[in-house]
Amino acid sequence: MGFEESLKKLEKIIDDLHSEKISLEKSIEKFEEGVKLADHCLKTLDGMRKKIEVVAKTKDGKLKIKPFEEKA
Amino acid sequence: MPKILTISELTHDLKEVLENIFQDVWVEGEVSNLRSPGSGHSYFSLKDAQSTLRCVLFRHAAVRLKFALADGLHVVASGRIGVYGRDGQYQLYVDTVQPKGAGALQTAFEQLKARLAQEGLFDEARKKPLPFLPETIGVVTSPTGAVIRDILQVLERRFPRAHVVINPVRVQGEGSAEEIARAVEEFNAWGQPDVIILARGGGSLEDLWSFNEERLARAIAASGIPVVSAVGHETDYTIADFVADKRAPTPSAAAEMVMPAETELREHIDQLVKHLWRSLVDVVPQQSQHIDDLCEEMRRALQNRFEEKRLEVDGFCRELEALNPLAILRRGYSVTMAEDGRTAIRHTGQLKTGDRLKTRLAKGEFLSRVEEILA
Numbered sequence: 001m002g003f004e005e006s007l008k009k010l011e012k013i014i015d016d017l018h019s020e021k022i023s024l025e026k027s028i029e030k031f032e033e034g035v036k037l038a039d040h041c042l043k044t045l046d047g048m049r050k051k052i053e054v055v056a057k058t059k060d061g062k063l064k065i066k067p068f069e070e071k072a
Numbered sequence: 073m074p075k076i077l078t079i080s081e082l083t084h085d086l087k088e089v090l091e092n093i094f095q096d097v098w099v100e101g102e103v104s105n106l107r108s109p110g111s112g113h114s115y116f117s118l119k120d121a122q123s124t125l126r127c128v129l130f131r132h133a134a135v136r137l138k139f140a141l142a143d144g145l146h147v148v149a150s151g152r153i154g155v156y157g158r159d160g161q162y163q164l165y166v167d168t169v170q171p172k173g174a175g176a177l178q179t180a181f182e183q184l185k186a187r188l189a190q191e192g193l194f195d196e197a198r199k200k201p202l203p204f205l206p207e208t209i210g211v212v213t214s215p216t217g218a219v220i221r222d223i224l225q226v227l228e229r230r231f232p233r234a235h236v237v238i239n240p241v242r243v244q245g246e247g248s249a250e251e252i253a254r255a256v257e258e259f260n261a262w263g264q265p266d267v268i269i270l271a272r273g274g275g276s277l278e279d280l281w282s283f284n285e286e287r288l289a290r291a292i293a294a295s296g297i298p299v300v301s302a303v304g305h306e307t308d309y310t311i312a313d314f315v316a317d318k319r320a321p322t323p324s325a326a327a328e329m330v331m332p333a334e335t336e337l338r339e340h341i342d343q344l345v346k347h348l349w350r351s352l353v354d355v356v357p358q359q360s361q362h363i364d365d366l367c368e369e370m371r372r373a374l375q376n377r378f379e380e381k382r383l384e385v386d387g388f389c390r391e392l393e394a395l396n397p398l399a400i401l402r403r404g405y406s407v408t409m410a411e412d413g414r415t416a417i418r419h420t421g422q423l424k425t426g427d428r429l430k431t432r433l434a435k436g437e438f439l440s441r442v443e444e445i446l447a
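So the sequences go chain by chain: A and B. Going by the working numbering, the first residue of the first sequence is number 1, and it counts up by one from there. Going by the working numbering, the first residue of the second sequence is number 73, and it counts up by one from there.
It is possible that part of the hints are untrue.
Computed far set for chain B versus chain A, every beta-carbon distance over 10 angstroms [to be verified]:
(1) Leu90
(2) Val99
(3) Gly110
(4) Leu137
(5) Leu193
(6) Glu196
(7) Glu207
(8) Pro240
(9) His347
(10) Gly404
(11) Gln422
(12) Gly426
(13) Ile445
Residues on chain B that point at chain A, a partial pick, calculated with CB under 7 angstroms [claimed, not checked]:
(14) Val236
(15) Glu258
(16) Asn260
Keep in mind that the hints were calculated from the coordinates and are not lab data. Quick reminder that beta carbons are idealized off the backbone N, C-alpha and C, glycines included.
Next comes chain B alone, as it looks inside the complex (with noise of 0.2 angstroms):
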C-alpha cells in the first residue's frame, strides 16, 4: 500500500525540492499581464512561444529597478524559485531584472524621455527666451574642476564685469540629482538669477546619469527661471537637455549663450548713435556741416569712453546737452520752414515774394512774409 500524502505534506515535499535546486535562477522571457497594486510590489509572468513563469518582484527590489517594468518588455530575470502553497503555484521571486539587449539605463533613458515627451515637457511652445544682458548668472555645478574654470574664463573674456553666483553640487553619485534639483530650486525660491546654467563635463551613461532622472526634470520644467543645460560633450544628449530652455554643447558654450560680448554691444550702441545724428543730419540739411562735425566730436567722445573701463556717465550727458541741437539753436541759428512747418527751407528755389514761413529759433517760433529774393 502506497503512502497517501495529505495536500500539505506533497507541497510541502515540492517545496522542499523546488527551492532547493532553485535558489539562483536566470530566466529570460517577455512581460506580461503586468500588475503593481499599491503595495509596490509587482506581479507579471515570463513567458516565451510555449510556456509561462509567474514573477513576484517585492517592492525593495522594485526601487532598484532603473526602468519601469512594462508588458512586452524582453528581459533577463534573476532569483529564486518558491512554491506558494495555497494556490498551488510556483513562481520567481525576482532579485533583479535587466533589460534584453539595450541596457538598464538606456532603456530606463527611453522610457522617461518617451513620457515626458508626451506629457508635453519638451514642447518648444514652453521653453523661456534667454535674457538678453543677465544681472546675474546661476551656475549649478561642482566647484572644482574643469567646468566651471572654463565658464568663468569664458564670461571673463566677453563680460569681464558679469555678476556669478555658483550653486555647488555633486554632479554624479546617488542622491547628486536631488542636490542638483534642489539647487536649480533654491536659485528659483532666492529669485536673483535671470538665468541658470546647468553643467557637467564629459563622463559615460552612468557618470551622467543624475542628468537623466525625472526628480531633476521637473525640478528643470518647473523653474521660472530660464535653464541652459550643458552636460557632457557635444554627441551626449540627456534628459536635462530636452526639458532646458536651450541646451549648449558645452560649458563654455553655454556661457557664450547666456552672456552678449561687451565690446559688441558697445559698437552696436554707438553704430546707433552715429545714425541717430546721421537722420538728423537729413532733416536739418542747413545745418550739415556743423552737425557732421557734431558727429565727429561725438564720436571720438564716445571712443575714448570705450577705452576708459570704469569712466563717470555725467560727463557723456553733459557733452551730449551740448551737442543737442536746441542747443544749436541757443547759439544763434534758427531754422526756417514752410508755413506748415513741415518743410525746411534749403534754398531760395523754393520761395516765391509774398511766401508765409515759420521760424523757430531757441525761445519761441514766428510767421514771416518774403519781401524779396535776393539771391
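Excised from the complex, chain A in its bound form (with noise of 0.2 angstroms):
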C-alpha cells in the first residue's frame, strides 16, 4: 500500500473511532489496523535514502544513471 492510500486510511480510521456507534471489539480492531498503518507510514519514511543521480547516454541510447557530482 502506497504511503498516501496508508496516511487516508488511518485519518479514516480516526474519524470511525470517533463516531459513538461504534462497539468495543470494532474499536479494538480499529485501533490495532491504525497502529499498523502510522507503523507503515513512518517506516516508508525510514526507508527513504538519499541518492542524487545523473543520466548518461550510452551509445545503443539506454540509460545508464551515475552519481551526480555539482561542478562548481
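Put the complex together from the two separate chains, hints included.
If you want it as C-alpha cells, here you go:
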C-alpha cells in the first residue's frame, strides 16, 4: 500500500473511532489497524534514502544512471 | 517600321529589366489566397487596398519561419521579383517574412497556443495529480548552474533523503527543444520517476524558445508521468507551462511543490497516532488513566524517533505491541460490558441486580449475573 493511501486510511479510522456507534470489539480492531498503518507510514519515511543521480546516455541509446557530482 | 518582338522576346526583356531592378525588395501587405500544397512551397498574395502582389515562398525559406503564414496576417516580406514567362506574371520570390507589429516569435507563440488550446491540450481535465510522496524525482535541466543547485537545495531542506535523477539537457539553442522532449520521453520509457520537473532559469523570449516549441509540448502531453514546468521567472509563461500538469513560478517552487516537508509529515502522523489513542480512551474509560500514561509513553517514544535520523523501526513495533489494549487485558484487566457487548459498564449506576453482563478477558469472554450491588 502506498504512503498516501495508508495515511488516508488512518485518518478514516480515527473518524470512525470518534463516531459513537462503534462497539468496543470493533474499536479495538480499528485501533490495531490504525497502529499498523501509522507504523507503515513511518517505515516508508525511514526507508527512503538520499540519492542524487544523473542520466548518462550510452551509444545504444539506453539510459545509464550514475551518481551526480555537481560541477563548481 | 518598329521592330516587332515575339512574346518570348518581350518577356525576356521585361524579365531582364524587372529582375535587375528589384533584386532586393521589402514589401508590406496582408496575406490572402494562401495555398500550401504537399511540395512544402507556399503560394499567396500580398495585398493592400488597391493592389495585389503574387508571392512564392519556397520550402527552404518556409521551414525557417518561426510562425505559420495565415490569410489575413499583416506581414513584411523580403525577396526578389521574378517574371514567370509562361503565365506572363511577375511575382515576389520570398526570402523572409516577419509579422508586422508583433515579433515573429510572439506571433508563433500565440498561434501555437491557440492551436493547442483548440486541441484541448491545456484542459484541466487531462492534467494529472502530483504524487503525494514521490519516490523518485526526475529533473530535466542543465546539469550546471543555479537552477539545479536551487532545486537540490530546496529538496535537501524539505526531505533530506530524497531520490533525484537528473537528465541533463541544453536548455537553449538549436535542437534543445528536441533534447528536452527526448529527456521527458526517456524518463517515461524508463518508468522510474513518479514526477518530472522541467526547469530553466530566466531569459529573453528567444532564450526560453525551446519551451515554446510544439515538439516539446507534444512530449509533455504524451507523458504518463506528471510534469511540473518551472521555466524562467514568475512572469514568464511558455507553452510548456500550459501543457504541463502543474506550473511552478520558479525552479525552487517546483521542488517545494513536488516534495512534502518531512517534519510536517511526521508531525501529522504523530498527531494521528495521538488521536488514535484518545479515541480508545473514550471507548475504554475504566482504564483511561492507564491509557493516558501509555499515550504519554508512546509520544515520548515517537519523539525520540524523530530526533534520530535512521532509527530502526523494529523497536517501535515492539513498543506498539506492548501498548496494545489487548496487552492490557493480558496483564489481568478485563472489560465489563452490557450483555449486548456495546455499552461498557463504568459505574454501578448502570446496573441493577439480576442484569446479565458480558466480560472480556485477554482470552475469551463470559456472561455473568449481578447478584448484589455493593457500592
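ask   = Can you name, in rising order, the numbers of the hints this structure does not satisfy?
value = Hint check: 7, 8, 9, 16 fail, others pass.
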